[in-house]
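K.L.:
Spelled out, the chains give:
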Amino acid sequence: MIKLYINEKEVVCHEGTTILQAAESAGIIIPKICYHEKLTPPGLCRQCVVEVEGARVLLPSCITGVREGMKVQTDSPRVKRVRKTILEMLDNCTDLSEAPELQIQMKKYGVENGRFRDTVKRDYPVKDDNPFYIRDYSKCIVCGRCVQVCSEDIQFSYALTTGGRGFENRITTNFDKPLPETSCVFCGNCIEVCPSGALVSRREYSATGEAND
Amino acid sequence: MTEYDRIVRSTCPYCGVGCQLELHIQNEKIISATAPGDRAPNFGRLCVKGRFGTDYTHHKSRLTKPLIRKNLDAPERIPIGPEGFREASWEEALDMAAERIARTYKQSGGSAFGTFCCAKATNEDNYIFQKFVRSVLQTNNIDHCSRLCHAASVAGLSKALGSSAMSNSLAEMKDLEVFIVTGSNTTETHPVIGTLLKEAVVKNGAKLIVIDPRKIEMTDCATLHLQQKPGTDVALFQAMAHVIVKENLYNRDFINSRTEGFDSYSKSLDKYTPRWAEKVSAVAAKDIETAARIYAGANAAAIYWGMGISQSVHGTDNTLSIANLALLCGHLGRRGTGLNPLRGQNNVQGCSDSGGLPNVYPGYQNVSDPLIQAKYEHQWKRDLSPKPGLTILEMSDAIESGQISDYIIMGENPIMSDPHMSHTIHHFKKLKNILVIDIFLNESGEYGDIILPALSFAEKEGTFTNSDRRVQLIRPALQAPGEARADWQILQELAIRVDQKLERKNSAGFTFSSPAEIWDEMADLVPDFRGISHRRIDKESGVHWPCPSVDHPGTPYLFGETFPRGKGLFHSIDLKLESEAANKEYPYILSTGRVLYHWHGRTMTSRSDLNKIYPYGKVEMHPDDAEKEGLANRENVEVSSSRGSITVELCITDKSPRGVLFIPFHFAEAAANRLTQDLRDPVAKIPDFKISAVKIEKR
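Going down the list, the sequences are from chains B and X.
Mapping to our numbering: the first sequence position 11 is 11, numbers consecutive.
Mapping to our numbering: the second sequence position 585 is 585, numbers consecutive.
Quick caveat, the hints were computed from the structure, so don't treat them as lab data.
Just so it is clear, the structure is predicted and the values come from calculations on it, not from any experiment.
Ideal Cβ positions, reconstructed from N, Cα and C, are used throughout, including at glycine.
Where hints are given, some of them may not hold.
[Said to hold, decoys possible] Some chain B residues close to chain X (C-beta under 10 Å, calculated; not the full set):
#1 Cys93
#2 Thr162
#3 Cys187
#4 Gly188
#5 Ile191
#6 Glu192
#7 Val193
#8 Arg202
The shape of chain X in the complex, shown without the other chains (with noise of 0.2 Å):
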């Protein structure tokens, strides 16, 4: 028999589902991961990247020192490896990342400053940073990869109802009665969920309608697989709208009590025919108003949708078209309905809760809004900007312009993250200083000057918020490597030393002594948050915000009674096409994604188990495209756009559509990154990940 050391209970550090976790150690490794059977949201299931993939957090790569650039201010930022630092205590690397944040500010303030924060780690953490960076630094330039997930789903569910959050819970998916999964490879990226979304199909006899380009497994179990061009969403739920309208299967009573902008909405759906919408996306008309009738027929109806929704130039008007449909038939507000973006990171709904966003504080709060910002300024005792910072994008967009000269990055890797790579190393290679802050030298830390070590959710304590609000505790299970420190402890140091060679005065406040401390002052500012606190979460397991007092249960559905603008409104909207299209030189439309073993920009799951089964990047293809251009499978393409090319092992499957590729992003050495393009969503800001032009060759 095993014995263990200690067996800790936990949050999991991979995806939105925040599946709860037994992690069990011995000897200071995590040799075995388990599932308490009684606790939401997994109830007992786990994935393989929850069940092996936490391997990372013993891996002999993990930084246990501060580490400074060798060749600190050279004439030219070029990446090096852990061979170009040098190691440094924690009293030089903090005093002279304050110095070089001190010197910077002097000369240039606060907009001289681009910050990442992190969907990976606490909540706490987020809190912490956006704190350093507005009261200290003076600046709402702060944003996280949220920019390049959800952000055109947030842009468009604030526009339709006023909030941006998961309206259901994960518990009810078992119960559904019909739903709709589009633009989510659920069973790879979300897969406890994929599993819950089966069990529906399976054992409830619930009707899912799969609304994808590819033939993803979800399929599997679809009553209906709508297979649209990329890019032509809109036109598709545009005519679902349509049918609704014309065929009176709308909810009328909904409509007048729960919404606005019905009439002038249900006249511009006019033109919107399933048969125009067949010629645009390519989908028959009669499937689309098959889907319309299954949607608007049922009693309780969900939509469940990710990146292939909102990381589009329409990104925006995806979701709306989207929130249209629910709107129309009151397929809100109850169990087994609703709007329910799937959150990609473990914490990034409580990254951006915890104000990890250029236009708002923790909670939303806007930074424009006088009385807010009052709010915030007496809290931390400084003035504050009222002007809404940059985003991800527009950030690098400012180092080009000048205005930008310093990045400082906690937990984040924009060069696998952000499109078009060559164009984000150059905005790298022009930057004054970068400061990082991270648990692996990866991509961009080797741009940096100086590296602090961190802690992974194994070695500290905290709180992760999962895709449905759900508030939940990570807990220390290992010893911290080396000297590393928790982000929060380091970002408090900076913040001292920082305000200290500033000469400033009185403290914004960076007095704390745990994680739990630094939840209640945010609990304290947040309404919604203000009924929960770790130790609520400790006894509970969990609580759902909003939850504004203690004798609050938590809310795991949303919009019961109203919406948080007051009325669901109505949109309008054209069908744009604005992506890049396939053309002579470039034929094929390439998208980009994940793949069930591996992570993001993989600093964590190439140094796991997780990596020897899926070692090295593949582009899928048609078997009828692959034949036209001579490919064999496995063997090694080319694949270039006119941004650039890389070359990776050819996989032929009927997955893809014909006329489309697909690639993982997960890989340097093959980075997809290299052909996506910098086109973004006007609203959101969000970049088009999923249509890029390319061309496949021979090597």
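Pulled out of the complex, with its shape left as it was, chain B reads as follows (with noise of 0.2 Å):
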């Protein structure tokens, strides 16, 4: 067993715990994006981030394991500052209308608009390729749970992926040739774990009113 101090707290967990996981065995929530708890954790948004004493750098707590002694601040203004920038930044260039979780953390964090300049919103056409859901990339945030069901998550069917660099990195297929034509066996699990809307069942889509069936 191996003892840490989370905010303070004494936490007792097993070896191999994550600071995520510890946090939350102890009733200390932190915030988070990318991370499922039924997905393998990606690291990858970096909203989960907490400070370790002694550590250069913020770590994300999602992917790294706790050690004996440890010193965890999960809230503290140096942490608050980088969440609060990481959401400036998704929502200065994504459409996070239907993203309710991270509306909840905007307004907890207080995020500001208007921070960045000369921002440019993504804004990609929908594609609307097959008879069972569309994808709106103009809400994708890249978090990449839908690539990690599609492979080895989940379905084992490698049919999403990721591409672009940069601004223009994205979901996308392999050649991004339309889903039809891929190995996608259309089992809308990817849906199930989308944080913000970018992917809908097309009835959902209809029922909105943005698109006719």
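Quick one: dock chain against chain with the hints and give me the complex.
P.N.:
Below you can see the structure in the form of structure tokens.
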């Protein structure tokens, strides 16, 4: 067993536990975006970072293991500033109107509009290439959950992948092919984990009045 | 953000996996479906059918009022669409149905009825159906589509072990060490199980052996693919057993303590060498040896199979040869082992459990056992027939011989699902009365006299039992369309009226006010169900039978201590090759089956978004064969057997081995069952859907 201190509270847990799991077991909530409890933590979004005494940089709690005697701060001013900035950057370039979890976090961390000038919102045409669900990548925060679900976390279909770099980084298929021409089997397990409403069943999309059946 | 009127937890209506669903309802439509991540058996996973395929429930062609054929009793029975029927009140339709049933009963007795219960309906619907048939119609002529799917697995496992259900649970799959998949295109027919099995390989390092003539998707993650000639399964399994015995790889302790018949069985294997099997099956002897060593060498190894094993004129032998392997190696009664027929329909396990078979009451209690008969007579207060009834194809035969004049069909579509379609239609035309209970007017309903509109899974309550014997709830999510009623309510009304017309004094007890009450009567009569109630399932999300008492936890895997028949019995088997063989005129072997996007007779999936992605049938053919025949991809071709012919689009793919064609049986316009034959297994009476000799020509 390992003993560590999270926000001055003594926490005891098994070796191999992540800081995130240890904190949650002690009732301390750490915000996260790309992390999903059923999936392998990708450590991408950095929203779950925490301050660890002696560490040079903030550490992503979802993929950092606990160590004996570790002293962790989950809500220090430094941590809060980083979280706010991450949310502002996402909000500046993505349509977060269908991302309820992020809306809550934005309110909590006091996200300000317009701190970043000259930013561009991602504006992709809605991909509507199959009878079952639509992909609205203007709402995509590239958390990668859908790619994980499609590959080795659940479905083993490997139809979705990431493409592009920097601002152009996005979720796509091999060679940008329409879904019916890929290995996609339309299980829709990706829709289930999408946190920002980028993947929506067609019937649900129609119901919100954005498209016709 | 989408707002929902309500979210209702239910069970998927498609396959035997029994995925738990949450139906999201808006304006009386299911607009999306999700899966609760914490619930067995699917733990948050769904496939395309469960996720997107439940929209058939609000299709405009749903039956909403009772229908009566306009020209009843015309000299010739012809199939008609909705325009051939008139709408009627429930009062008129039920009264007329009861009158006609009573008339036949008075003239010819109960044996004149052939009845089909339904593997898509609930346990409670099926319990009432068989109670109606046995206590009111006084016959055991009741059967359902299980006859066409796992009858041979049931027959084989009953002989070897005394029980017919899948032995181990789905939850064990991801932790497997070694497993065989044979005659199951798992990723298309049981997609969520497909993901669990792939997980075992990719994450747990499990070894998978696929034994199947087709290069199905599961072969992508297989250690070994044995691609046998269709119909030669027994040769392969016997040769594997030969290797296991010859190389002393068998489990001596298990054989001594848990089995009987080993000595004569092991002697019978002498001649079935891998070399001999190579000649018969075209699988290399060394691959058979490797497969045997992998299976026997594992601490725990499981076998999963589907229609490729059971839908055969040798289906019972196929099953027995698989059971022999498990008994030899002691791969039974522990986690990660087992003999696991993957059940097709959402409730095919439950329909059989609830007595939808001609030889048994609910709980597989024999109709000819006097003690059992007395128990049911006491409960139902009726004399009951000890004579086992007819199976599906025997009922069809009995129309020809004049014994059966009336069909009562609940939610099945025999015209599409039975083999040798022209034969089936010929028999339908000869019937005097056809009463249908369904949610749509399907190909069989078009021959009906009276059609009674029923509720879909999304509008009623009850239970489905999935492939691993887990009893789970469905709950009303949508309002009933029009005047449609639950099957159990329709049957209860009908039963009361028929009894009145026959002037019977005492009632057999059709006074149920809810499915939960029906379950309780069944649980009272079936020891394995005694600890299960709707309330308990609601609390625990699902319970695996056998569950003999309220404090029993349920049984995820069977045979831990003993087999229902006591000891597991080895069977010596000879290879038989009685299927149709390819010949000069019909040089190809046709195999039939399903695809990911459709379900059986397509009554549901043709009325769903699913149809948009796979709108018509195809025939799969190996590239070398296509070249030989001078045929091009996607051109229309005519496929014919001696029984009929169909036009269908060609799909050139090396999924099919040379000499073998594959056609899904879903499409009425290109119905594979026009080509299949009604040759059947002598024990299980299951037809040989997987082997027909055909030819293929340019259109």
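K.L.:
Mind listing which of the numbered hints don't hold for this structure, in increasing order?
P.N.:
Numbers 1 and 2 - these are the hints that the structure violates, sorted from lowest upward.
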